[in-house]
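Visitor: Okay, here's what each chain looks like letter by letter:
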Amino acid sequence: MRFKTLAFKTSATIAVLGLSLTACSSSGSPSSATNRASEDGSPVSGGTFTYAEVTPINNWQTQAARFYEKANVLNSVLDRLTYYDPETGEIVGWIASKFESNKAKTEYTFTIRDGVTFSNGTALDAAAVKANFDALGLGIESAQIQPNVDFSAYKSSEVVGENQVRVTLKRPDANFLRATTSVTAGLVAPETLKLDNAGQSSISKIVGSGPFVFKSEKADEEVVFSKRADYKWAPETAENQGAAYIDELVIKYLPEVAHRAGAAQSGQVDLVRGLQPVDEQTLTAGGGTVYPASGIDLTANMAAVRIGSGKLADVKVRQALQVGIDRQAIKDTVLSDSYEIAASVVNHKAPGFVDLSAELAYDPEKSKKLLDEAGWKVGADGIREKDGKDLEVTVSSSNNSVVIKPAFELIEQQWRAIGVKLVNRAGDNTFLTNALVDPKIEFFGTRQFAYGGVGPVFGPATNTQTLNADEALNALFLKEQAATTEAEHLKLVGDEQRALVTEKVLSLPLWDEVQVYGANENAHIEFTSGTAPIFQGAWKSEG
Amino acid sequence: MSGFILRRIAQSILVIWLAYTAVFLAVQALPNDPVTIFLSTDASADPATIAQMKAHYGYDRPLLEQYFSQLGGLLTGNFGYSLSSGTPVAERIAEVAGSTLWLASSAFVFAVVLALVIVTVGTLSKSEWIKKVFLNLPPLMVAIPVFWLGLVLLQILAVQLDVMSLFPDGSFLSLAVPIFVLAVHLSAPIAQVLFKSVQSIQQQPFVDVLRAKGASESWIYFRHLLKNAAPSALSIAAITIGTLLAGSVITETVFARAGLGQLILNAVTVQDIPLVQGLVILMAVAFTGVNLLVDLIHPKLDPRIVTAGSQSARALAA
Chain X
1 MRFKTLAFKT SATIAVLGLS LTACSSSGSP SSATNRASED GSPVSGGTFT YAEVTPINNW
61 QTQAARFYEK ANVLNSVLDR LTYYDPETGE IVGWIASKFE SNKAKTEYTF TIRDGVTFSN
121 GTALDAAAVK ANFDALGLGI ESAQIQPNVD FSAYKSSEVV GENQVRVTLK RPDANFLRAT
181 TSVTAGLVAP ETLKLDNAGQ SSISKIVGSG PFVFKSEKAD EEVVFSKRAD YKWAPETAEN
241 QGAAYIDELV IKYLPEVAHR AGAAQSGQVD LVRGLQPVDE QTLTAGGGTV YPASGIDLTA
301 NMAAVRIGSG KLADVKVRQA LQVGIDRQAI KDTVLSDSYE IAASVVNHKA PGFVDLSAEL
361 AYDPEKSKKL LDEAGWKVGA DGIREKDGKD LEVTVSSSNN SVVIKPAFEL IEQQWRAIGV
421 KLVNRAGDNT FLTNALVDPK IEFFGTRQFA YGGVGPVFGP ATNTQTLNAD EALNALFLKE
481 QAATTEAEHL KLVGDEQRAL VTEKVLSLPL WDEVQVYGAN ENAHIEFTSG TAPIFQGAWK
541 SEG
Chain G
1 MSGFILRRIA QSILVIWLAY TAVFLAVQAL PNDPVTIFLS TDASADPATI AQMKAHYGYD
61 RPLLEQYFSQ LGGLLTGNFG YSLSSGTPVA ERIAEVAGST LWLASSAFVF AVVLALVIVT
121 VGTLSKSEWI KKVFLNLPPL MVAIPVFWLG LVLLQILAVQ LDVMSLFPDG SFLSLAVPIF
181 VLAVHLSAPI AQVLFKSVQS IQQQPFVDVL RAKGASESWI YFRHLLKNAA PSALSIAAIT
241 IGTLLAGSVI TETVFARAGL GQLILNAVTV QDIPLVQGLV ILMAVAFTGV NLLVDLIHPK
301 LDPRIVTAGS QSARALAA
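Each protein sequence line maps, in turn, to chains X and G.
Quick note on my numbering: the first sequence kicks off at 1 and runs consecutively.
Quick note on my numbering: the second sequence kicks off at 1 and runs consecutively.
Just so you know, the hints here were simulated from the structure itself, not pulled from any lab data.
For each residue, glycine too, the CB sits at the ideal point set by N, CA and C.
Be aware that a few hints might be false.
[Claimed, not checked] For each label pair, taking beta carbons as the anchor points, the in silico distance ranges come out as:
hint : chain 1 : residue 1 : chain 2 : residue 2 : range
1    : G       : 62        : X       : 155       : 34 to 44 angstroms
2    : X       : 423       : G       : 69        : 51 to 61 angstroms
3    : X       : 215       : G       : 78        : 47 to 57 angstroms
4    : X       : 309       : G       : 143       : 58 to 68 angstroms
5    : G       : 69        : X       : 348       : 49 to 59 angstroms
6    : G       : 30        : X       : 332       : 51 to 61 angstroms
7    : X       : 134       : G       : 78        : 56 to 66 angstroms
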């Protein structure tokens, strides 16, 4: 016992020492060295830019780039046909200098920019684009690569004329064009598509046309890319139309969340992803920069509702839970100023966004009333019950987000006040494996790449959110995807949001998706609508 | 003597075979096959693709056939394919095993040296005060969590003082600090057991006889106490291979090092079952191998073990 006390005292002393050191540095960092080379604010060329991701990446296969850690890097290695400009909300040309569709939205014609080459010297021409489309839409059977879910309407494509590709769809797909902006639709050289699964998964073998080219790799520790000096085909709206400013891009991994702010502040890395809310102030106080990269391409962070257990079958119960969440309290306690409370199932800046914040306002009295009406009466232990069953619900989520678990811990308390017990399994990946497809696990904490439509995420074909809960809603999703004019599409996206959030209550939106990056004071960088860093435009003040 | 060795080797092979069987059965007890589990962590996969991938990796074959073909693969060093990287499991493990082997073996050597130093100073020191401090060191060391020590050291050395990198860059400190962190935790049980057995041997009559003959304390300690206490410390050292592995998972995460620990963590996170399977079997082999080695060294230290048979050897060691 005595040993333990001694050990505790020593640890406490060292802990205090550690904390006080942190405090010293955050207040005492000299700020005289700011931006010495950027007095006029213009980018400086040269240098090595070090970026720290959260976890090592072993599978770089393009269509598997649905995860941030892959997309964030491949974004600077692979170009796409089109680019979604987050500032204007418009799709502009990239490798396709021009794109148009027929009225029925079943045929798209892309005109391929002249003079674009892959890093191995072969031309990125219409034939190469067709090969990529076939891989995206049909998959590559010999390499066990499945079709990309965003291209499920794809039927075929053909090379027309010298530099055009015409894509034919099985059915109209309002989200098709937006999907061509995605990193998962990154263009690779036809040689890459001929490799087997292991080959296409290896970063050293993937050949793209992007601003950075693979240089070297140390398994699970780092990947080094060098810039392509002859790069001159950035997206139309990019400020830098030429080669990247930085000479070399180094990707490292920092799995330990506690080091991220310190790594950026000390300059050991220039940019790091996955900053904890508590570290944001420490970093800015120490002279670093916090970049909240808004995930316009994604849905909001939400608890998707599955009604399989029967406990949430009554819409009144779901409504009660919807207004039983104090979202402001989540922001105040768990999140930071980098986060914005969700007002719908899509991002505030997403096309077709409908502001439903009034319907999401915290109202515990209303919750209690609705639950009473639904027949769930408060039991002896304060938990509501009906027909001998407790109103106990479970939430599952992956551990990808640093804030999702504490957020659900708070919701657990808030729901307890209205007589609902929440079993919090957020962040438990092993539990998630089964929960993902189990309609009896009531909530799935998630955010998904949506690329402009809610249909592809919630629609019957690919839905892992609500597991196809509602026929009428499924019909609406199909209708949205089949919309042929932008106005009609946006109207239907609005209808979907109202149906999901207020009428059917199959999604409890929490906060807009954002990835919070920490940067050294000398690093300058912008981000895509999918929260990926744009390394081609990045530069460092220190030459 | 050779009978003893053969028996121990046969037992080790049996243990590894049982471990393989247990892992195989555990995988069968999962609600789904490895391919489906792996693919469903991403967007919901196309059933045709799943079927095709299952066929490609052999998960559609009858159970017995899978059992024996995997076992056969194991014997030839073929651990199947890692689903998350598409490369053979053996290749994936080989890529990073060196890093862990280096970290773990250095930490182990350092831990043993540290334990010896602590016990020697704690036993031979004339000052009661120093004795007390050293006696209390192992419980303190075992109480300090690996991740905490690593975090604090990195915070001070890498972030505040900027004398080392947060990443493994091959510099002296980036190697020495993780080794130190892992060794501190590892040496605690070894030191504790060594201390205890030195103390109990000290009470035995033969030590009094040695003293009466005029032997110095340090001569008694090095020539008699340590030699007699070594077998029990050795047994503990062999058991710590589990601690070593758990510690290296944490150390590798904290220090952003590539290695088996990181690999296990990621394999579990992305539900790459074949990779997890391969790693578990590898660990079983390592564990059994080290214990076999210790059992083979034991008779050299204490000849009674062979004559008394292997059952009582265990009892003596414990």
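Visitor: Evaluate each hint against the coordinates.
Guide: Status of each hint after checking the structure:
Hint check: residue 62 of chain G to residue 155 of chain X, Cβ distance near 38 angstroms, so the stated range 34 to 44 angstroms holds. Roughly 41 angstroms separates the CB atoms of residue 423 of chain X and residue 69 of chain G, a value that falls outside the hinted 51 to 61 angstroms. Checking the proposed 47 to 57 angstroms range against residue 215 of chain X and residue 78 of chain G shows it is violated: the Cβ atoms sit about 32 angstroms from each other. Between residue 309 of chain X and residue 143 of chain G the CB atoms are about 43 angstroms apart, so this pair departs from the stated range of 58 to 68 angstroms.
Residue 69 of chain G and residue 348 of chain X have their C-beta atoms about 54 angstroms apart, which keeps the hinted 49 to 59 angstroms range intact. Separation of residue 30 of chain G from residue 332 of chain X is about 41 angstroms and departs from the stated range, judged on CB atoms against 51 to 61 angstroms. Range check, residue 134 of chain X to residue 78 of chain G: Cβ separation about 33 angstroms, and the 56 to 66 angstroms hint is violated.
When the structure is compared with the earlier hints, violations turn up for hints 2, 3, 4, 6, 7 and for no others.
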